[in-house]
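Peer 1: Residue numbers (this note's numbering): 41 to 751.
Quick caveat, the hints were computed from the structure, so don't treat them as lab data. Just so it is clear, CB atoms sit at the ideal spot from N, CA and C, and this is done for glycine as well. It is possible that part of the hints are untrue.
DSSO-like mimics (lysine-lysine), calculated; alpha carbons at most 27 Å apart, straight line [what the hints assert, rightly or not]:
id	residue 1	residue 2
1	K184	K336
2	K68	K266
3	K266	K184
Here are the simulated distance ranges between beta carbons [as the list claims (entries may be wrong)]:
id	residue 1	residue 2	range
4	A678	T733	31 to 37 Å
5	D519	L149	52 to 58 Å
6	D87	T502	50 to 56 Å
7	T604	R740	32 to 38 Å
8	R432	R85	44 to 50 Å
9	E510	A678	25 to 31 Å
10	N291	R142	39 to 45 Å
11	V609	A218	47 to 53 Å
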Amino acid sequence: MTAVLATKHVNVPRGALESIAPFIVRPKDSLTRAEDEPDQVPRLRPDKIRLIQTDAGIMYVAVVQMHGVGGVVWEHNERISSTWSSVVDPSGGWGSTRSLSRVQPWTRLTEEGEERTLAALENTAPNREFLIGNVDQAVNALSKPDGHRSYDLLEDLVLNGQMEPCMYVPQHIRLDEAPAEKADGRPRYPAEYWGWMAVRGNNRTKYRQQLLGITSAEVLTGVPFKKLGHESKDISVNPNYWLAQYSQLLNRALAESGEGPNEPGSTGQSGAKDATKEPAEEAGAELAERARRASKVAVVEAHLVIGSPTPQRLFRIVQSSNRRDHVHPPLEFGPNDRGRALGRGVLGLYTAHGALDDRTADVLAGVAPIDDLPDVPAEASIATLRDIRSMRLLAELFPTEEYKRQLIRAALSEPAPSQLQSTDINRRVRAWSALTSESYPEPWNPRVAEVLPRASGKAGITLSGRSLTELLAAADSDDDAFEELLAYRAPHWLASFDLIDADRGSIAGQKIDDEGQQANRVRRSVANSLHAMRRNRVMAVGLLRELASAMNEGDRKPFQVDVTGNVTVQRATRAWFNRAFPKESGTRPYNKNKKANGSEDETGAETLPLEHGESETLTVVDNPAAPTEAPGETDMQALQRLKREFEHQISALADAISDIPDELSQIKERANAAGLEHAYDRDPAEELSTRVTRILRDLRKVPEAVLDLGP
Numbered sequence: 041m042t043a044v045l046a047t048k049h050v051n052v053p054r055g056a057l058e059s060i061a062p063f064i065v066r067p068k069d070s071l072t073r074a075e076d077e078p079d080q081v082p083r084l085r086p087d088k089i090r091l092i093q094t095d096a097g098i099m100y101v102a103v104v105q106m107h108g109v110g111g112v113v114w115e116h117n118e119r120i121s122s123t124w125s126s127v128v129d130p131s132g133g134w135g136s137t138r139s140l141s142r143v144q145p146w147t148r149l150t151e152e153g154e155e156r157t158l159a160a161l162e163n164t165a166p167n168r169e170f171l172i173g174n175v176d177q178a179v180n181a182l183s184k185p186d187g188h189r190s191y192d193l194l195e196d197l198v199l200n201g202q203m204e205p206c207m208y209v210p211q212h213i214r215l216d217e218a219p220a221e222k223a224d225g226r227p228r229y230p231a232e233y234w235g236w237m238a239v240r241g242n243n244r245t246k247y248r249q250q251l252l253g254i255t256s257a258e259v260l261t262g263v264p265f266k267k268l269g270h271e272s273k274d275i276s277v278n279p280n281y282w283l284a285q286y287s288q289l290l291n292r293a294l295a296e297s298g299e300g301p302n303e304p305g306s307t308g309q310s311g312a313k314d315a316t317k318e319p320a321e322e323a324g325a326e327l328a329e330r331a332r333r334a335s336k337v338a339v340v341e342a343h344l345v346i347g348s349p350t351p352q353r354l355f356r357i358v359q360s361s362n363r364r365d366h367v368h369p370p371l372e373f374g375p376n377d378r379g380r381a382l383g384r385g386v387l388g389l390y391t392a393h394g395a396l397d398d399r400t401a402d403v404l405a406g407v408a409p410i411d412d413l414p415d416v417p418a419e420a421s422i423a424t425l426r427d428i429r430s431m432r433l434l435a436e437l438f439p440t441e442e443y444k445r446q447l448i449r450a451a452l453s454e455p456a457p458s459q460l461q462s463t464d465i466n467r468r469v470r471a472w473s474a475l476t477s478e479s480y481p482e483p484w485n486p487r488v489a490e491v492l493p494r495a496s497g498k499a500g501i502t503l504s505g506r507s508l509t510e511l512l513a514a515a516d517s518d519d520d521a522f523e524e525l526l527a528y529r530a531p532h533w534l535a536s537f538d539l540i541d542a543d544r545g546s547i548a549g550q551k552i553d554d555e556g557q558q559a560n561r562v563r564r565s566v567a568n569s570l571h572a573m574r575r576n577r578v579m580a581v582g583l584l585r586e587l588a589s590a591m592n593e594g595d596r597k598p599f600q601v602d603v604t605g606n607v608t609v610q611r612a613t614r615a616w617f618n619r620a621f622p623k624e625s626g627t628r629p630y631n632k633n634k635k636a637n638g639s640e641d642e643t644g645a646e647t648l649p650l651e652h653g654e655s656e657t658l659t660v661v662d663n664p665a666a667p668t669e670a671p672g673e674t675d676m677q678a679l680q681r682l683k684r685e686f687e688h689q690i691s692a693l694a695d696a697i698s699d700i701p702d703e704l705s706q707i708k709e710r711a712n713a714a715g716l717e718h719a720y721d722r723d724p725a726e727e728l729s730t731r732v733t734r735i736l737r738d739l740r741k742v743p744e745a746v747l748d749l750g751p
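Given only the sequences and the hints, what does the whole structure look like? Please build it.
Peer 2: Shown next as structure tokens:
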């Protein structure tokens, strides 16, 4: 430890080094003395130190040989971030999910009274049981994203060992609750722990420990004496003792079994238990089998974070160290966690270049409460706090400042502004939506927010600056306020209360709605839902106000609103929403109407405002049986109708095409789960492929035809 602390660039706490030292194999191999200073304290060899540069800053890591059981699965791992209730949810999650405490830099006062920050993290936990529960849940949560792998990682470690090193960062955890005492007055367990948390390689850490028979929670808080071959019910919290005892137990069992280490081609299965064996013999056989399967991960290379010139940003630095390796391909990250990681990457780059202060970045990244933001109103409601953070995130992901546009393009590897495509905009939108959902009890599909125009990425988004309360109060008569609520709030609010969802594709067999009624459900995009709300403004404003009230009252179930916008006594459901705001068909006929204000005429029929060049407004007639061209329709009116229909068809086509990759992925996953080698037989697959080719051939003619209609 003295040698490490004497090494240049190292500024890790001594307690952290003491906690990892028992796991280091042959530590002297990593040390050296200067030939011209034989009496000086040894230091780490230069070739054992690596400089790692990330978007958020730099850090130094030590390359060591570590016992395979070392390290702890990190609950703050970004790939499972949607598992937890976030500190930026002002409701506290209402008890729906487990929460994580805020991670902060490890800071202490020196003897001179000065505050010093070192390269380590720190957080608190209510008690030891809660801490163990969080670590165990993190281990379990890894199973879901790990399903995206195309191979069995556990068996790969058995057969091939660990090919890539994991990275670990020191974290100090203090318990809020004093430990229980033994009969002699001594505490049953420590009141604080040092753990080396897996920044990179959480799954590898999990499976190594599974093979060796020790859990991450035990590495962090202590191993039961029973696992060490003793009858005591106590636990050993000293790794110097339990690691040596357990290693001897495994080695002795393997030697007594007469078997060698695991060989390639072995199944690794111990088979059925032998009923003729004594319990002690059976236990010994199990230990020997465990040792044999874990032999190739008994010692692994590891990278330990031991220094950083900006330790106050260490949390963001370590999280961004392997973010780019994981958020672009599908491996291990679900859509929500991938979106959050992308957004945090942008925020990290902003802070590294001084474009965003650390305090604000922490709130937007989800690691500090919303009231840490400057200028947050006192006694702000839950809905207001969530809105402040979401709108600030929107402004950062669609910036108007040129220097931020350059940074976000670099962070997301985007093309030039003139070449931005819908996929580029939607990547930002998903990051905004996924990070926004951290302020709510449950995450939603981040695709619900994919309603922003492509121009948003080029020019950025400028908000009115009005508070949520002001917008809701003015939405009845203020068009700008109503549109700002619909475009930037409604998708998230509706998704949070399960009134809408991103269109996921096939609806085959969905014949029962969410009120238990027989109904043919239809595919519907979020944009279509917003269009329907625009056509029924009174009910839409009433619903938005009710959703805000529901948030402020414990995220309770919202109530329906009537045609006057007043709240009723019936609960709002997705089926009700689809009836109250019916889907627009896209090919509705239009009739003449002399009014020009987009309101209802004398008959109660809904009207649409004139577009440029029209002399009259057109009444929407929801009658599929009506003729396409209404009697008396002028050429100008017919032109405007046809243009609307064509633009709607293009939007619907874009929505359908964006669904295809997800649908194909789901089909493949279901086929694999069903044990099928192929989802389609050859003939149907070839027929579908041919149809797609024909469609593409026809679509290639469309761009030129559209350009011919322009100047």
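Peer 1: Using the C-beta atoms of R432 and R85, is the stated range 44 to 50 Å upheld?
Peer 2: holds (46 Å)
Peer 1: Cβ-Cβ distance between D87 and T502: within 50 to 56 Å?
Peer 2: holds (52 Å)
Peer 1: Please test the hint of 52 to 58 Å on the beta carbon pair from D519 and L149.
Peer 2: Holds - the Cβ-Cβ distance for D519 and L149, about 57 Å, lies within 52 to 58 Å.
Peer 1: Next pair to validate is K266 with K184; report whether the Cα-Cα distance is within 27 Å.
Peer 2: The given pair, whose Cα atoms are some 31 Å apart, is violated under the 27 Å limit.
Peer 1: Is it true that N291 and R142 lie within 39 to 45 Å of each other by Cβ?
Peer 2: holds (42 Å)
Peer 1: Is it true that E510 and A678 lie within 25 to 31 Å of each other by Cβ?
Peer 2: Given about 42 Å between the Cβ atoms, the range is violated.
Peer 1: Taking 27 Å as the top limit, are the C-alpha atoms of K184 and K336 close enough?
Peer 2: holds (25 Å)
Peer 1: Is 47 to 53 Å a correct range for the gap between the Cβ atoms of V609 and A218?
Peer 2: Holds, since V609 and A218 (Cβ atoms, about 49 Å apart) stay within the stated range.
Peer 1: Does the beta carbon distance between A678 and T733 stay inside 31 to 37 Å, or does it fall outside?
Peer 2: Since the Cβ atoms of A678 and T733 sit about 34 Å apart, the hinted range of 31 to 37 Å holds.
Peer 1: Just to be sure I understand the hint, the distance between the Cβ atoms of T604 and R740 should be within 32 to 38 Å; is that true here?
Peer 2: The hinted range 32 to 38 Å is violated for T604 and R740, with Cβ atoms some 50 Å apart.
Peer 1: Can you confirm whether the C-alpha distance between K68 and K266 stays at or below 27 Å?
Peer 2: Violated, at roughly 32 Å.
Of the hints listed earlier, those the structure fails to meet are numbers 2, 3, 7, 9, in rising order.
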